[in-house]
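Chemist: Listed here are the chains, written in short residue letters.
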Amino acid sequence: MTLSDFLMLDLPPLLAAIMAGTTCGLLGSFLVLRRESLIGDALSHAVLPGIVLGFAVTGLRAGLPMLVGAMLAGLAAVALIAVVQKVARLDSGAAIGAVFTTFFAIGLVLLEVTGARAVDLDLDCVLFGQLETLVWTEGRSAAALLDPQALSALPRQLGLMAGVALAVGVTVALIWRPLKLICFDPAYAQALGIPGRRIEIGLALMVAAAAVAAFEAVGSILVVAMLVCPAAALRLMTDRYNTQVLGGAALGAALGAVGYALAGPVPAVLGIDLALNAAGVIGTLGGLMVAGAALFGGLRPRRPARLPAGSAPAAG
Amino acid sequence: MIPYNTAVVLLGCALLGVAAGTVGTFALLRGRALVADAVGHAALPGVAVAALIVALVGGDPRALPPLLAGAAVAGLLGVLAVQALTRTTRIREDAAIAIVLSSFYALGAALLSWLQTLPGAAQAGLSKFILGQAAAMRAEDAMIAAGVAAVSLALVLAAFQRLRAVAFDADFARVMGLRTDRSDLLLLGLIVLVCVSGLQAVGLILVVALLVLPAATARLVTHRLPRMLAIAATAGGIAGATGAWLSALRPEVPTGAAVVLVAACFFTLALLLAPERGLLARLAMLTRRRLSADTEHFLRAAWEAQEAAGAGPGTAGDRWAPLGAVAGARGWSRGKAWRLAWWLGLRGLLARAEGHVHLTPRGATAARRAVRAHRAVEHHLLAAGATDIASADRLADLVEHGLPPEMAARLLPEPSALPASPHALGRRTR
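Chains as they are written, first to last, in this note's numbering: chain A, 1 to 316; chain B, 1 to 430.
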């Protein structure tokens with residue numbers, strides 16, 4: 001494999017996988033800590049109609065309209081879930097299941113009705129992700145890395161992902177303390193006057209944005225793996241908040257990079273004729289990571305402290 | 001005349017919907033609805049591996065039974081994985097479901113991409129399991145799916161008492177000596193069966209909707225389990241048949257999406273129109289309550305305006321009260337007071353003339369009742385130790401409306417003169 005091969009064919013998808021992994025890994029910890037993992041699942045499905053409509057209205061792929069459409073759809077989904085949960089008095093799982101499947105179905109039908117599928121927005125992209133289609137035609141040599149003109153020929157999806165990653169990172173840094181409080185003690189946070197509802201909505205918006213950004217890389221469904229797996233693996237290994245959140249981002253990035261490498265480049269270097277769907281490998285690795293953490297992770301399940309033998313149990 | 005094949009597929013999808021609605025009801029009541037999501041997604045690698053094995057032994061890779069068996073095994077593995085992860089206690093069930101569905105599905109995606117590179121047609125038609133395609137179903141496939149659905153339906157009916165006990169009060173059922181773990185296992189098995197039978201028609205991503213939406217619709221409409229089961233089964237059956245029919249008419253629309261959208265229509269209708277829990281019913285009830293509270297407040301304000309004008313307690317009722325005084329006493333805008341006066345005039349409770357209102361005999365009776373309830377509560381609160389008259393007034397404003405006459409009579413025995421208001425009447429000071 002030559003350098004130009006790497007720059008043209010491997011660098012863009014690798015960057016995309018790493019950026020998607022970082023953003024999702026960062027946000028995933030909040031979802032897992034707040035026991036809202038399924039909101040991540042729901043949002044990753046529910047943004048589909050927004051993406052399709054944004055695309056259908058403007059005809060642009062991977063642009064701001066898709067992002068806006070997806071965030072609106074995500075917001076609508078979160079609001080609807082809350083309404084359904086309250087009105088129908090369903091448990092949150094059922095409310096989520098009722099809403100996100102409807103949104104996803106609407107997205108599928110829109111995909112056909114608007115003709116978006118025929119043009120550019122492939123159903124396979126939704127289902128499996130299309131990391132492999134990201135190529136950098138100008139990346140012929142190392143010099144291109146410094147050449148603004150060549151850099152501008154990088155796939156535009158990368159620009160969107162970088163923007164979302166930056167925005168999410170800055171937002172999380174800005175509301176670091178309130179977020180922490182809301183994760184661990186929402187009631188106390190509310191007593192302190194922290195606008196919990198607004199932060200929740202902000203979190204949902206960020207997840208929706210991350211889902212759109214990662215949509216290109218891993219598809220609409222495997223975003224869930226990137227959101228939940230790194231965070232859950234760390235949840236099994238650490239009790240420290242900083243390690244959990246920042247480690248989640250790092251683990252997500254590593255997951256993206258290693259997964260992409262194992263799917264194509266590494267077998268190619270080893271001379272094995274094997275090219276797998278990169279998103280699939282990333283998700284599978286995520287699951288294996290959680291399984292490994294569950295089997296060999298340092299922290300055992302918490303049990304109530306044993307009383308010394310012979311001592312009477314405490315009253316109450 | 002519908003062709004034989006289409007008719008069989010329609011019937012199969014209807015039966016599938018009936019089974020999904022029934023099993024979904026118990027899954028919903030037990031709080032296990034989203035396990036179906038994990039089972040559905042987890043089926044993908046099972047289908048892929050089964051196709052690979054069948055191709056290796058030289059069978060027909062498009063034969064349905066081995067694929068469905070693979071899906072069932074993978075679905076069971078998925079359920080077990082969710083339970084194992086939950087047992088770590090550090091990962092909650094929601095996170096466990098998300099992990100299992102995404103990583104199993106990812107494994108399936110990777111396997112599918114690998115199968116595509118293999119010679120032979122092992123992967124042919126596998127992707128139709130993802131979104132479902134009833135239009136491509138053969139009659140014998142539909143019969144297999146319908147058979148699985150019928151088996152799960154029969155199992156539900158056989159274990160009805162057991163499932164009902166667990167769905168409503170698992171702890172009580174355990175105390176009564178029922179093996180709730182077995183019932184839960186049965187329920188999980190039923191969920192897997194229904195998901196697997198729905199794979200080809202609805203697809204593995206959306207099959208969860210077939211369990212959740214009809215059951216949630218029924219939950220909105222009724223409180224009684226037999227009725228809920230009947231409604232869920234009907235809604236599921238109609239959604240399944242209609243979705244398959246739509247997909248037969250427009251083959252490019254994925255069947256899963258069509259089925260889910262029909263089910264979602266039922267759910268939306270129930271959400272809006274359900275007799276007790278529906279949004280419109282609640283809105284109507286809220287408006288009715290607010291209007292009756294406003295009515296009582298208006299009548300009392302009209303009465304008290306006359307008292308303040310010098311009629312003395314208990315004797316008001318035959319003078320004209322200025323509308324402005326009523327609005328001022330309640331802190332209402334003139335427009336709102338005018339609209340209420342118009343409405344009460346229509347109901348024959350008062351007469352209006354030149355910006356004044358006059359209580360009719362019926363209006364005076366209602367006003368006296370409202371004043372009595374308000375003062376009874378106020379005096380009761382003050383006697384019970386409330387020190388702040390203004391807040392007693394405000395609290396009485398909130399609680400007096402639900403007060404039945406017998407209750408007011410207990411607070412303030414009838415017959416007695418209407419007591420004086422503990423506070424000055426007239427313009428609000430809040």
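Derived by calculation from the structure, the hints in this document are not laboratory data. Honestly, I wouldn't trust all of these hints.
What the hints assert, rightly or not - In silico EDC-like pairs for lysine to aspartate or glutamate, Cα to Cα no more than 20 Å straight-line:
1. B:128 to B:60
2. A:86 to B:276
3. B:128 to B:140
4. B:128 to A:124
5. B:336 to B:294
6. B:128 to A:239
Chemist: All hints, please: hold or fail.
Modeler: Quick rundown of the hints versus the structure:
1. B:128 to B:60: 17 Å, holds
2. A:86 to B:276: 14 Å, holds
3. B:128 to B:140: 17 Å, holds
4. B:128 to A:124: 12 Å, holds
5. B:336 to B:294: 10 Å, holds
6. B:128 to A:239: Distance of about 43 Å is beyond 20 Å: violated.
Violated hint for the displayed structure: number 6, the only one.
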